[in-house]
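For the sequence shown, position 338 (counting from the first letter as 1) is numbered 1350 according to the numbering used here, and the numbering increases by one without interruption.
Just so you know, these hints were derived from the structure itself, not from any lab.
All values derive from a computational prediction rather than experimental measurement.
A few of these clues could be false.
Mimicking DMTMM-like on lysine to aspartate or glutamate, the simulated pairs with C-alpha atoms at most 20 Å apart in a straight line are [stated by the list, open to error]:
1. K1070 x D1253
2. K1070 x E1256
3. K1070 x D1192
4. K1070 x E1135
5. K1070 x E1257
6. K1070 x D1131
7. K1070 x E1271
8. K1070 x E1160
9. K1070 x D1113
10. K1070 x D1127
11. K1070 x D1150
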Amino acid sequence: MAAVVTITPIGDSVASMINRGICSVQGDTDCDSAEVSDASDSSDSDPSDEERPIGFGKPVNDEEWGDRETTPLEDPPPLTDEEIEAGQDAAEDLRDALEYDGAAWYNPGSWFGPDSPADIINELTPGEIRAALDELDDDEIRELLEDEGAVDALLVRADLHLLNELNELAPDSVEPNISDVRTSDGDMPNNPAVDYGYVDHDLFGDDGPVVENIFQGSIADCWWMASMGALAHENPEVIEDMIEENANGTFTVTFPDGENVTVTPFFPEQQNGHVPELENGDIAYAQPAGNAMWPMVLEKAMAERAGGYNELVGGNPGTGMEDLTGADSEFHDGGDVSQSDLESWLDEDQSVTLLTPSEDDAEGALYDDGTLVPWHSYVVQSMDDSGNVTLYNPHGPGREVTIHVDQLDQVNEVQNVDPE
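From just these sequences and the hints, can you work out the full model?
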C-alpha cells in the first residue's frame, strides 16, 4: 500500500519525509519515489519567493548603516550595550544553526529547524554582526564562512573592516582565490598577486563607463577586458545597470541570468604591494584607469562567479559580451567581414570585438610591424568612410591602433552583439 500525504501548511520537504517514513515502516523497498500531492493552488504562490536566490543577502540600508565609515582604514565605532546584547543572542542562534543536522521524519520536533545563518545575519545591524562574531571562536567562524548564504549576507551587511578580517582568518571565503593564477602559457607570472589591498576610487570615474577605463593587468583576460570595453563604448548603460553600490561599501553585480555576485573594494595586489599604502602600480590585475573602478569590480565579480581569478585566463570576447548582455553574439571569420558589415553594426550601436590568431598562426604585415599582438582581443571603436578601423587595445589608454577593413583577413575572428 502506497502512502501519499496531502499537506498544505508545512510544505513539500516535510511531507516528503513523512511519506518516506511511512513507506519504510510498511516495508516497501522503493521509498525514494514517494511523492507529495500539493493541494495548494499554484496560482496563489508568490513568484518572488521562488525567484529569490537562496541565501542571497539583504543589503544593509542607510538607516541601519548610520554614520559609520565605509573605509576599512578607520576602526569601526565601539559596540553599544544594545549591540552586544543582540550579538550574544544572535551568536547562540548561529551556533544552533551550525549544529543543526537536518530534519528527521520520525522526530516532528526537528521538522521546523532553526533559521539559516543567512536569515539570522540578514536581521542584524553591522554592529550586531560584529558583536555576534566576537562571541564565536575562530573555528566556529570558519565553519560559518563555509555557508555560502552566510557569506552572501555578510558581504552586503558587514563593515569592510570586518570582511577583511574574515578573509584573513579564512582565505578564499570572502574573496576570490588568487593563489594559482598562471599566464596563458601555464607559467607562474614574474610578479604574482599575493594579497588583497583596499582601493578607493569612483565607481564610474570622471566620464562614466568609457572604453578608456579598460586597462588590463598581469592576467591573460584580454577577452573579458575587451568585452567590457566594447559594451562601455557603445552601450554604457548595460554596465551601469549591472552594478549597485551598497551602503557598506561593497558592490553587487547582477548578471543577465539573474545571478548576484557581491564583491568588496579589496583587489589583488602584487607581491611588492602593501596595504594601506597601495598605489595603482601595485594592483595586479585590472587597473583604475580614468579614476574608475568598474572594470576592477566586474573582473572580480567574474572571477568569483567562475571560481577564482585563474579561471579568467583565456577566452573569447564574444562569449564575454554574452555574459554581460544575455544576448547571443555573432562570430565571423575575419576575412568574411566586409566594410558594409562593420558599418552596419556600428551604426546600430552594436558592440564589436575581434580576436587575433595564436603566435604560430599570426601572419601578415600587421604582426610583422607590431601593429597587432597575436592571441589578443581588441575593441572595435570606429571606422571612417575610407575603411580605416580604430581598435582599442585592452593594454591601456594610448595604445589604440588603426588597420584597414581589408586587413581583417589577418585576424582570427570578429564578434558583434546587439544588447537590445
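Hint check results:
As the CA atoms of K1070 and D1253 are separated by approximately 19 Å, the hinted pair is consistent with the 20 Å bound. Distance hint between K1070 and E1256 is fulfilled; the C-alpha atoms sit about 13 Å from each other, no more than 20 Å. Of the supplied pair hints, the one linking K1070 and D1192 is violated, its CA atoms being roughly 32 Å apart against a limit of 20 Å. Restraint check for K1070 and E1135: satisfied, since their Cα atoms lie roughly 8 Å apart, inside the 20 Å limit.
Between K1070 and E1257, the direct Cα distance comes to roughly 13 Å. Compliance with the 20 Å bound is thereby established for this hinted pair. Between K1070 and D1131 the alpha-carbon distance is near 9 Å, which keeps this suggested pair within the 20 Å criterion. Simply put, K1070 and E1271 have alpha-carbon atoms about 15 Å apart, close enough for the 20 Å limit, and the pair holds. Taken as a hint, the K1070 and E1160 pair is honoured in the structure, with Cα atoms around 14 Å apart against an allowance of 20 Å.
Between K1070 and D1113 the alpha-carbon distance is near 25 Å, which puts this suggested pair outside the 20 Å criterion. Among the hinted pairs, K1070 with D1127 is consistent with the structure: their alpha-carbon atoms are about 15 Å apart, no more than 20 Å. Of the supplied pair hints, the one linking K1070 and D1150 is violated, its CA atoms being roughly 25 Å apart against a limit of 20 Å.
Hint compliance for this structure: hints 3, 9, 11 are not met, and every other hint is.
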